[in-house]
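Asker: Spelled out, the chains give:
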Amino acid sequence: MKLLAESGGAQILLPVWSEVIVGAIAFVLVCLVLMKFVFPRMEETFRARVDAIEGGLKRAEQAQAEANQLLEQYREQLAEARTEAAAIRDEARADSAAIRDEMLAKAGEERDRIIAVGKEQLSAERQTLIRELRSDIGSLAVDLAGRIVGESLADEAHRRGTVERFLAEIESEPAGTAGRG
Amino acid sequence: MILASGFPPGVEDFDFQSLVPPLGQAITKITLLAWLAAAIIIVFFLVAYRKPKLVPTKTQWLAESVYGFIRDGVSKEVIGTEKGVRFAPYLATLFCFILVMNIFGIVPFLQISPNSHIAFPAFLAIITYVMFIYLGVRKHGAWGYIKHSLILPGVPLPMHFLLVPIEFVSTFLVRPISLAVRLFANMFAGHLLLLVFTLGGVALINAETIWFRPLSVVSWAVAIVMTFFELVVAALQAYVFVILTASYVESSLADEH
Amino acid sequence: MDLAAVTGSLSSIGYGLAAIGPGIGVGIVFAAYITATARQPESAGLTRTYMFLGFAIVEALALFGLVLGFIWSK
Chain A
1 MKLLAESGGA
11 QILLPVWSEV
21 IVGAIAFVLV
31 CLVLMKFVFP
41 RMEETFRARV
51 DAIEGGLKRA
61 EQAQAEANQL
71 LEQYREQLAE
81 ARTEAAAIRD
91 EARADSAAIR
101 DEMLAKAGEE
111 RDRIIAVGKE
121 QLSAERQTLI
131 RELRSDIGSL
141 AVDLAGRIVG
151 ESLADEAHRR
161 GTVERFLAEI
171 ESEPAGTAGR
181 G
Chain B
1 MILASGFPPG
11 VEDFDFQSLV
21 PPLGQAITKI
31 TLLAWLAAAI
41 IIVFFLVAYR
51 KPKLVPTKTQ
61 WLAESVYGFI
71 RDGVSKEVIG
81 TEKGVRFAPY
91 LATLFCFILV
101 MNIFGIVPFL
111 QISPNSHIAF
121 PAFLAIITYV
131 MFIYLGVRKH
141 GAWGYIKHSL
151 ILPGVPLPMH
161 FLLVPIEFVS
171 TFLVRPISLA
181 VRLFANMFAG
191 HLLLLVFTLG
201 GVALINAETI
211 WFRPLSVVSW
221 AVAIVMTFFE
231 LVVAALQAYV
241 FVILTASYVE
251 SSLADEH
Chain C
1 MDLAAVTGSL
11 SSIGYGLAAI
21 GPGIGVGIVF
31 AAYITATARQ
41 PESAGLTRTY
51 MFLGFAIVEA
61 LALFGLVLGF
71 IWSK
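Chains as they are written, first to last, in this note's numbering: chain A, 1 to 181; chain B, 1 to 257; chain C, 1 to 74.
Read the hints as simulated data drawn from the structure, not as lab findings. What you were told as hints is all true, and nothing was included just to trick you.
Selected chain A positions facing chain B (Cβ under 8 Å, derived; list incomplete):
hint : residue
1    : Val16
2    : Ser18
3    : Glu19
4    : Val20
5    : Ala24
6    : Phe27
7    : Leu29
8    : Val30
9    : Cys31
10   : Leu34
11   : Val38
12   : Arg49
13   : Ala52
Glycine included, each C-beta is placed from N, C-alpha and C at the ideal position.
If we strip away everything but chain A, and leave its shape as in the complex, we get (with noise of 0.2 Å):
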């Protein structure tokens, strides 16, 4: 092979044999390495990154549904103890609404009953009373009069008058004092 200078300008394209199969031997060589050890690796490393990326983004979705599926249990038991505890509330209401009432009623016939109790009681003992008064009324009239007829019979139809109008007090009186005994 003659060397460029020698040869004029033409040869600079015209290729040096050695030199190609150099090249050659150097490209094939690079290519056979890269192609097959360095960028398919590359590939699976890109693809395997993006597996990460997508398979984390799936996790946390999975994660996320799972707590929101939590959530909505715990917002159903809160709302359904809610309710329950609503309920207990109205029936403690109703039932001390009904005991009140019951009480109510029961004191009202307790206070009747010691209030008809006690006005039988004071019936029955003015008529007690009443007896005694009338019973003692006889005595006390008889003494009186013996009193009087044994003292003075002067002015008789004066004393007359008096005995009369005692007489008559005593029967206007009884309905008077006896309520007062």
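Got chain A; can you put chains B and C on it based on the hints?
Answerer: Here is chains B and C on its own, set in the frame of chain A:
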């Protein structure tokens, strides 16, 4: 060797002496740099991906972002989301190989890209050429692929006499040649450009006229700026080579025009 | 002295001529990309690929000129 060259740099600056004379051009600085590029790429990726983790380390992240850039930015974008992933490993390998070799053009002490010898771009272009023709034939059948690539639908018959040769030239001749020449010429021109300014600085400092001598500093400053420009070109050409390969593959796999 | 005489490489002039068209073309490609991006910023990613395709194809012409300039330099 570079400093030994005369001022107007020319094609002779791209010749390197054989390091082992019996093997001729098989072992020169250029081929050693090609081996070095291959070694750097292989070692870097194997080390970076020795133990891949879901949460990447810095080296792993760098390796992944190179691959991800070609996979998502070129392969999926140009070829299509489903079919593109299949071609991503090859395109990424191609990109790394070209990029590392291009960047050798501005690495101190290496200072030349193997791609500035047509042998390397030509080989890479031939792989692309064979690949897109093979894929087209596999998908459409031999005759179907020729019809698919040469005959535009919905064109009146007389126009085909004009269009078929143009399509043939552009698909089967210009594509591989432009692919190889573009990469080669960019690296070739970039190296020449750097030589012009560095050797120009040397020439200026040795100038007869004393007033020219300080201008060498300007020349070297421009050389430094051009080095950064070459970094951009190196990355851009690697990207363009890959994107064109992807677009040729896509045109072979397309159902219709 | 012949004023119209040209010394040096004719192919340099050839390359200079060859670079005019691609220079304009590359300018148009990037101008169109900037216009498209300014009008519809969300289309930047969509059109970037096509910009690089167009840039690469146009640029190839200039590089052909460069290479051919070296081939016929002698």
